[in-house]
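Top line first, the protein sequences correspond to chains A and B.
Start counting the first sequence at 1; every next residue gets the next number (the numbering used here).
Start counting the second sequence at 1001; every next residue gets the next number (the numbering used here).
Listed next, the in silico SDA-like pairs over lysine to any residue satisfying Cα-Cα at most 20 angstroms (straight line):
| # | chain 1 | residue 1 | chain 2 | residue 2 |
| --- | --- | --- | --- | --- |
| 1 | A | K190 | B | V1490 |
| 2 | B | K1439 | A | P321 |
| 3 | A | K183 | B | V1490 |
| 4 | A | K263 | B | D1506 |
| 5 | A | K183 | A | H162 |
| 6 | B | K1491 | A | A186 |
These are computed hints drawn from the structure, not numbers from a lab.
The structure presented is a predicted model; accordingly, all values stated were derived computationally and were not measured.
Here is what each chain is made of, one letter per residue.
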Amino acid sequence: MPGADKEMDLSERIESFLSELKRSGSGTGSLRGSAETARETTALLRKITAQARWGNAGELMEIIRKEGRRMTAAQPSETTVGNMVRRVLKIIREEYARSRGSSEETDQQESLHKLLTSGGSSEDNFRQHFPHLKANVIEAINELLTELEGTTDNISMQALEHIHSNEVIMTIGRSRTVEAFLKDAARKRKFHVIVAECAPFCQGHEMATSLCKEDIETTVIPDAAIFAVMSRVNKVIIGTQTVLANGGLRAVNGTHTLALAAKHHSTPLIVCAPMFKLSPQFPNEEDTFHKFVSPHEVLPFTEGEILSKVNAHCPVFDYVPPELITLFISNIGGNAPSYIYRLMSELYHPEDHEL
Amino acid sequence: MADSVGRQVDSINHATEEDEKKQEIIRAKGEGKELTKEEKQRLRKEKKQHKKNKKDDRGPPEKEKEKASVPAPSKPATQSPAHKAPVPVNASASESPVAAEKPAKSKAELRADRRARQDSERASKPGKKEVGQQSTSSKPKATPSELQPVVKRLPEHVQVDDPAALKKLAKKLERQQVPLRSDYGYKVSLFSHLHQYSRKNPPTQQISIPVTAIHPSIVRLGLQYSQGIIAGSNARSVALLHAFKQVIQDYSTPPNEELSRDLVNKLSPYISFLSQCRPLSASMGNAIKYIKKEISNIPNQCKEEEAKRRLQECIDSYINEKIILASQAISKYAIEKISDGDVILVYGCSSLVNHILCEAFEKQRKFRVIVVDSRPRLEGREALRRLVKKGIRCTYVLISALSYILPEVSKVFLGAHALLANGYVMSRVGTSQIALVAKAYNVPVLVCCETYKFCERVQTDSFVSNELDDPDDLIVTRNGKTHLENWQTVKSLGLLNLVYDVTPPDFVDLVITDLGMIPCTSVPVVLRVKNVDQ
Chain A
1 MPGADKEMDL
11 SERIESFLSE
21 LKRSGSGTGS
31 LRGSAETARE
41 TTALLRKITA
51 QARWGNAGEL
61 MEIIRKEGRR
71 MTAAQPSETT
81 VGNMVRRVLK
91 IIREEYARSR
101 GSSEETDQQE
111 SLHKLLTSGG
121 SSEDNFRQHF
131 PHLKANVIEA
141 INELLTELEG
151 TTDNISMQAL
161 EHIHSNEVIM
171 TIGRSRTVEA
181 FLKDAARKRK
191 FHVIVAECAP
201 FCQGHEMATS
211 LCKEDIETTV
221 IPDAAIFAVM
231 SRVNKVIIGT
241 QTVLANGGLR
251 AVNGTHTLAL
261 AAKHHSTPLI
271 VCAPMFKLSP
281 QFPNEEDTFH
291 KFVSPHEVLP
301 FTEGEILSKV
311 NAHCPVFDYV
321 PPELITLFIS
331 NIGGNAPSYI
341 YRLMSELYHP
351 EDHEL
Chain B
1001 MADSVGRQVD
1011 SINHATEEDE
1021 KKQEIIRAKG
1031 EGKELTKEEK
1041 QRLRKEKKQH
1051 KKNKKDDRGP
1061 PEKEKEKASV
1071 PAPSKPATQS
1081 PAHKAPVPVN
1091 ASASESPVAA
1101 EKPAKSKAEL
1111 RADRRARQDS
1121 ERASKPGKKE
1131 VGQQSTSSKP
1141 KATPSELQPV
1151 VKRLPEHVQV
1161 DDPAALKKLA
1171 KKLERQQVPL
1181 RSDYGYKVSL
1191 FSHLHQYSRK
1201 NPPTQQISIP
1211 VTAIHPSIVR
1221 LGLQYSQGII
1231 AGSNARSVAL
1241 LHAFKQVIQD
1251 YSTPPNEELS
1261 RDLVNKLSPY
1271 ISFLSQCRPL
1281 SASMGNAIKY
1291 IKKEISNIPN
1301 QCKEEEAKRR
1311 LQECIDSYIN
1321 EKIILASQAI
1331 SKYAIEKISD
1341 GDVILVYGCS
1351 SLVNHILCEA
1361 FEKQRKFRVI
1371 VVDSRPRLEG
1381 REALRRLVKK
1391 GIRCTYVLIS
1401 ALSYILPEVS
1411 KVFLGAHALL
1421 ANGYVMSRVG
1431 TSQIALVAKA
1441 YNVPVLVCCE
1451 TYKFCERVQT
1461 DSFVSNELDD
1471 PDDLIVTRNG
1481 KTHLENWQTV
1491 KSLGLLNLVY
1501 DVTPPDFVDL
1511 VITDLGMIPC
1521 TSVPVVLRVK
1531 NVDQ
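Please put together the full structure from these sequences, using the hints given.
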């Protein structure tokens, strides 16, 4: 039966996606970029919308929520998956409201009065059936996909506004967004880049060789020299894994030290992050914030005699508080960290924060 | 004989000339006329000559060499007051304080006299007669016993971008038969004034065999320095002093020479060779100064065997006092600061800090240690081994995980390479970062340092005077891929491997020394006290 085949196909796709997520999260460097993950998640959600059996918006949202929970459970540190799920849920809500004709947008205003009076009345509204809802939702998801394709270019287009000539820019580790940003600026301006190598994975080395191909003067420094050279740096430009709800960052380890050194020398810290990295998570959730990989990166098995008597840690991420950040550059422009909460309310519905 | 008579005649002539000059000065001041520059220079030269002759008359009968050596350093001394800018003189000339000590005092006196004269001339511009008395009274007052105006000669190893200085160094090394080491690889432009050597080309390969100019134990020491086999300021100083003991043991005074002068001259090429292998540390510089002073203080009547024995004892007592006993004193103070249940963070491998922790553990303090390490040296693993062998509970992280581990820490203990006179702590690169992040988390930072590492230099950033290690150390192979393998061929790529950095004093809460627990800003006080003692 064609319907059953489609379902099998769909669940196969989902399973393969989940297993890929589980495998890619070992943190050993050949990570799939978050942009790719976001695109694949959105494509998968579109497929689910197209092929799964659902009667009204409420059922669709249930299905997507269920799959979303499975996907985030497969790799909790890969927050773009959860972000895309929430975006799609918001799209469904909007399309539903548009089909109904009522302007649901007014309900989004954060007003204490409205919160108290309207309460849980919106939940039952999703039972109505609309024939064109499927087409509308799929069209909106396609728009989302086009937006995702263009994020890196949108960010790099802003490069010349922020980099002047003969500057010394510092960065850490490897971020494809920052790479594109700097390469775009290098077409018109001459500047120097100092890359901190970010042990133990040393992604900074890859970043440096890639920047050198565009004839950018690059210097690689070990992590220990970050504060020593910071006095000669004009700007610090970094990428991040996630932007948290309070405007803070979850970035590669070593970024907090870099941010503190920049603050000490009053050097501006610019974060290049596309909007799909914005997550409604807060940093106080101890269990889910940190991710650890095998300590043999830090203390290899060749040090066998002491290995059993020593605790070795290899955390992957660092928390950077919003006070240390000067500017966020995203595909919708530049923002201060204090504005992030507002952007979040435009992207996600408050009820979707917990999948 | 004829010489002394001639000298006496000269001195009488000088005396009369000098009196005339004095009359001239007083007359000129009385009239409110300023002396021209040439006149001032001439006066200075004559005064100097006069003083020298007076000293020669007063002193015991001296050999030819002394006469030759005193005018030779006095020549640069007369030139340097004329050139107010510091002349980049070679390291050996600047590091031979013994030969320069006698003229240095007169130089300092001369400068004070000149300053006094300038003051009086400035006051004499309105032109009153009382100035004459003022000038004569101010002259004896301004003899410097405490304010020693030190002419800071720029050391060679921070002048690599100056071709004149390089030529001078090459000439000096050729004279001493020490091989000149060439720089390696592309240097980051910010550091073009420093040397950057490769570990694969030690200078020992450039020496011809058999070695005549340099003692074999010094050659061995140089190789151990350049390959990093001996690392850490205490280890390097102790190894240096032991090598010098061997040199002194094998030394024999040539005929017609004095041990106190010849031995110092023998040591100069060795020191140049060692600084070519690896730039000298502050502790080594202080040790060398001490040895040279001791050698020059050997009285002339002393027999060679007696002198050698005395020198060996001096060296042994220096090591014992300044390093071994000092570390015991520091441990005693530091253990008071360690309480039960502490979590102590240490960085890299400092022999002093390891000693403190081992002592505290033996005294039954309950604490655990977090060892922070950094690429490319990975010295923390050595510290980890020593502590684990003792039985201390340890945790090990890299410096990029510092923000993760710091909330658990209650104290930070750091070692130092040198303490600068403006309160900055010069230590292994990464120390300033640890102090910065510890300050952000409100964790106290304690620096442990012996007083023999205090130095009179001042520095505010890590660029002006530093050491660049072999840049190839940064290359690493992961998952079979080496990204930086051919970094030399890539045009715009540079690798920077710094060795030291300076920590500002506001990050450091306490410095524990063998003289007690002092704040960072008290370093010049300690230096002053030490100088007065000596």
